[in-house]
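Start from the sequences and build out the full structure, keeping to the hints where you can.
For reference, each letter of the sequence shown is one residue, going 189 to 296 in the working numbering.
Calculated from the structure, these hints are not laboratory results. Just so you know, even glycine gets a beta-carbon here, dropped at the ideal spot from N, CA and C. Do not rely on the hints blindly, as some may be mistaken.
[Claimed, not checked] Here are the simulated distance ranges between beta carbons:
{"no.": "1", "residue 1": "GLY290", "residue 2": "LYS236", "range": "30 to 38 Å"}
{"no.": "2", "residue 1": "GLN260", "residue 2": "ALA235", "range": "31 to 39 Å"}
{"no.": "3", "residue 1": "GLY224", "residue 2": "GLN288", "range": "14 to 22 Å"}
{"no.": "4", "residue 1": "GLU234", "residue 2": "GLU273", "range": "22 to 30 Å"}
{"no.": "5", "residue 1": "GLN244", "residue 2": "GLU273", "range": "13 to 21 Å"}
{"no.": "6", "residue 1": "ARG296", "residue 2": "SER227", "range": "15 to 23 Å"}
{"no.": "7", "residue 1": "GLU194", "residue 2": "ASP238", "range": "29 to 37 Å"}
{"no.": "8", "residue 1": "ARG296", "residue 2": "ASN240", "range": "15 to 23 Å"}
{"no.": "9", "residue 1": "GLU194", "residue 2": "GLY279", "range": "33 to 41 Å"}
{"no.": "10", "residue 1": "GLY224", "residue 2": "THR277", "range": "37 to 45 Å"}
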Amino acid sequence: ARALLEAGADLEKQDLSVADGKAEGWTAVMFASRSGHESCVRALIEAKADVNKHDQGGRTALIVACRVGHDQCARALLEAGADVEKQITSGHTALMLAAQNGHDQCAR
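In structure tokens:
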């Protein structure tokens, strides 16, 4: 991540489409959060990535991290000011998704 940032990668660039249709509009910090790459998440935050940017479904990096249980990524995002009240189109928040999927560490 640092090499790409040093080369001038656009932090806020959103993907146009992904074959499964689930990631339209995702940023680098969203992908890093879904994969559990805390060091990448922190590097992107340090480079001033917008942690509250959302995709077409309303998903933010925090929502993505909590849905799959990556509590360390969620913690980094919260420390960077991620909005815990953001909702996906169904009205669910990161906390709701963490609890619904049994990710107690994220829900705390």
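- If you check the beta carbons of GLY290 and LYS236, does the distance land in 30 to 38 Å? This hint holds: roughly 33 Å between Cβ atoms.
Quiz prompt | Cβ distance range 31 to 39 Å for GLN260 and ALA235, holds or violated | solution = violated (18 Å)
Honestly, do GLY224 and THR277 meet the 37 to 45 Å range at C-beta? Taking Cβ atoms as reference, GLY224 and THR277 lie about 24 Å apart, which means the hint is violated.
Review point. Would you say the C-beta atoms of GLU194 and GLY279 sit inside 33 to 41 Å of each other?
Key: holds (40 Å)
Taking the Cβ atom of GLU194 and the Cβ atom of ASP238, is their distance within the range 29 to 37 Å?
violated (19 Å)
Check: Using the C-beta atoms of GLY224 and GLN288, is the stated range 14 to 22 Å upheld?
Finding: holds (19 Å)
Next item on the list: Take a look at whether the Cβ-Cβ distance between GLN244 and GLU273 falls inside 13 to 21 Å.
Entry: holds (19 Å)
ask   = Between ARG296 and ASN240, does the beta-carbon spacing fit 15 to 23 Å?
value = holds (21 Å)
Note to self: Against the range 15 to 23 Å, how does the distance between the Cβ atoms of ARG296 and SER227 compare: consistent or not?
What the structure shows: holds (22 Å)
Worksheet entry | GLU273 and GLU234 - C-beta distance against the hinted 22 to 30 Å | holds (24 Å)
In terms of the numbered hints stated before, the structure departs from hints 2, 7, 10, listed from lowest to highest.
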